[in-house]
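A.B. asks: Below, each chain spelled out in residue letters.
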Amino acid sequence: MEEKKTFKDILMQIWHSREASLIIVLIILSIIMSIATPAFTTKENLISFIKQCAIGCVASMGQTFIVASANIDLSIGEIMNMSGILMAMFIKAFTVGPDKVLLGNTWWGALLSWILAMIIGACLGLLNGVLLTKLRLPAFIITLGTQYIIRGIDQVITKGYPVTIDNNAVIHKIGVGGVEALLGLPYLFFFVPIAAVVGWFILDRTVLGNHIKALGGNETAARLSGLNTTKLRVITYVICGIFAGYSAIMMVARLNSGSVAGAGNVSMDAVAATVVGGTSMSGGNGSVIGTLLGCVLMQFIKTSMVLLQVNMYWQTAVIGVVLIAVCGLDSLTQKITR
Amino acid sequence: MDNNMLLEVKDLSKAFPGVQALDHVSFDLKAGEIHCLIGENGAGKSTLIKCLGGVNIPEEGDIFINGEKVAINDPLESVEEGIGIIYQEFNLVPSLSVAENIYLAREDTKGKGGYILDRKTMYEKANAILTDIGFRNPDSSVMMWTYRTSQQQMVEIGKALSHDSKIMVFDEPTAVLTERETRNLFDVIKKLRERGIGIIYISHRLDEVLELADRVTALKDGKVTGTVVNEGNLNKDDLVAMMIGRKLEAYYPERYDTVEPDNVVFEVKNLTSPTGTFKNINFKLRKGEILGFSGLVGAGRTETMKAILGEYPYVTGEFYLHGEQMTDPSPYNWINKGLAMLPEDRKAEGLVLGMTVAQNISLPNFDKFSHRGIVDLKAQKQFIQETMDKMTVQPKDPDRLAVYFSGGNQQKIILAKWLAKNPDVLILDEPTRGIDVNAKMEIYKIMNDLTTQGISIIMVSSEMNELMGLCDRILVMYEGELCAEFTRDENGEYSEDEIGRAQAGALS
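Residue numbers (our numbering), protein chains in the order written: chain R, 1 to 338; chain Y, 1 to 508.
Only chain R is shown next, with the shape it has when bound in the complex (with noise of 0.2 Å):
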């Protein structure tokens, strides 16, 4: 029976489905921007926002696959930190001015490196996985164990200073270049819509990402049901190496280096990101394309302040407030719902 839909029904859809609501917030939000202050709508708001935005983008997708399965990976970071200081040794090695041309300074060297990159990443994440899973051992300790250990190593490798790429023109068009690039837009936006894809197809549309929405949302019928789930645990954090190890070549591209400190707060930033896209900390469902909304809206909010001329160090305040009022928000409706 097709029943005919109401406006409200079509309200209390956008209302229960989180891309929707930060869709519309977003454009609200843009609406009120744009009126506010002519600098929001200028091309160069837009090259910087995408510049700063897109790195956190990809970083927190590898999270959505963790929180979806009800854990949480604390060395995101880390694991782009240590994927970057090595693809830069890569590049530097394999780089030799901007004019002679060897592999590092081409596309294929890029790519290359950039392959590295995803392949030091998953590594590190078979290592927090595989910990995980034989250690029984929560994923915070594991992970913030992790860390510290791969920060250490990078510490040692580096001697602590940032390993830099001068004179690598490919790399530099990466981070720095904007209106060369495709559509006038630079080339590091380029990267989120294909992670994006990817890993919503992932976790959307295959087998593998509906057993790591099982496992997080019931072990317990996972398991009986027949499922390995150490293997899928396992996997999951190899998914997000795979993701941290993606962004490294951003990373390294907007920094000129790779270096120890390089990520930030990207771990955290990631499990805000993701929880604000209405992925849910106990695991169960999981969506890609909601973070990534989320990420753009925390962003958002900071641009728009740098723009307002708030002072700046209020910025990091108000994503602590946009966070708790976004699950507080869902929490208080769903008590009043049920």
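By construction, these hints were calculated from the structure, which means they are not laboratory data. Predicted, not measured: the structure shown is a model, and the values here were computed from it. Treat the hints with caution; some may be incorrect.
[Said to hold, decoys possible] Label-pair distances were calculated between CB atoms; the ranges are: (1) R:Met281 to Y:Pro331: 24 to 32 Å; (2) R:Ile24 to Y:Glu324: 52 to 60 Å; (3) Y:Thr146 to R:Pro193: 12 to 20 Å; (4) Y:Val375 to R:Thr220: 35 to 43 Å; (5) Y:Gln88 to R:Ile157: 54 to 62 Å; (6) R:Ile324 to Y:Thr392: 18 to 26 Å.
The beta-carbon is built from N, C-alpha and C at its ideal position, and this holds for glycine as well.
Fit chain Y to the known structure of chain R by using the hints.
C.D. replies: Just chain Y now, with coordinates in the frame of chain R:
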């Protein structure tokens, strides 16, 4: 070997620390038969089912399916042997769709390699299965959590059918259902029987057993007390007799005459939950009395006690302790007024398992050996020693972690903790569940002795025998309501049959 049997269980034994859960149990099931399992809580029904489901591994005995000996070492093997179990706790993933739940781990795929979900096919197949078991216009694409409990149960049945199960086990399936949903379920179960599926049905509700059963087997303390064929000639008394198995044993202490009939210590008026878990509960507790709360699982006894404690929602209800109304019930407020409760789940709610006995006993008692927030360690040590002596906690080691004590001693630790607060009223929810006979006897003796100190006790128990052996009065709850009150007759005895009937809602 009788080859007509679909399932045969021979001399199955399984022990847990302190309890012989199954003691050489033999049981069989034919195709197209409903075989009911009855017995009190702790009789071993669930353990037997878990052995079939590969959750528990029996220490002794064999399982035969279609005359062939099988080993069931994990849940997957059970499924592969064609056994489908609908546990009381459903094994569903709330955030996946109904169809994805039914086909979890056996998804339909499209394209090469079997990586990409074919949701459309899964929805169609799941809809067909659900229609087959009486769902009207099912939509298996919706999220599992949107389904009501009764619908979730149907999904579990559908899941078992999709595995091509030849044996289906229902563990108290109606405990969570309304009357109409129960009728529906019975229709489904009868339909499954017609198709030649062998069904094991566990229930406390004797009406249901009489309606469904082709045969009935009763368990008691891990042993089979009898198997009878139901040809419409059985009645509830027969079943109750099988369940109770033997006469009341002499391990109940001679009850002291401590009740002061006119001295009401505690009173509950008009207690009702928002969802009807308990309705219009009124009772009085007299000084020195042991008042029993009887009823089936799901009758609302535990919830009633939790509501009194302020740990479960209620819409109306008044509580009076010594005639003084408690308007803001909470564990903290109650203990300060003189009422303490030993929760049903002592491991989750009664003790901090990872702390020592001394720490556990100290928790609510720091005021006794501290001054302005500073603990007097010497006084604390002495206090712990005295308290443990009084309760004869074994081993008498205050620094041992609570988790390492036996069930009986854990219960004594909780009792010790509260008794140090000198309560007037104690609520004990299933105080002897899962502990061995000797420990039970000790708990009974302690309870009996406490009443001589003027303490009044409310005891919730699913074991009819211990209520009859110990209580001065027994109240019976059925589907959220107090339906009967029993006192001892002139010989000092209770009428078992009457209580059993009241529990099953069969009082005329």
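A.B. asks: Now tell me, hint by hint, if it's right for this structure.
C.D. replies: So, going through the hints one by one against the coordinates:
no.: 1; hint: R:Met281 to Y:Pro331: 24 to 32 Å; verdict: 28 Å, holds
no.: 2; hint: R:Ile24 to Y:Glu324: 52 to 60 Å; verdict: 55 Å, holds
no.: 3; hint: Y:Thr146 to R:Pro193: 12 to 20 Å; verdict: 32 Å, violated
no.: 4; hint: Y:Val375 to R:Thr220: 35 to 43 Å; verdict: 42 Å, holds
no.: 5; hint: Y:Gln88 to R:Ile157: 54 to 62 Å; verdict: 55 Å, holds
no.: 6; hint: R:Ile324 to Y:Thr392: 18 to 26 Å; verdict: 51 Å, violated
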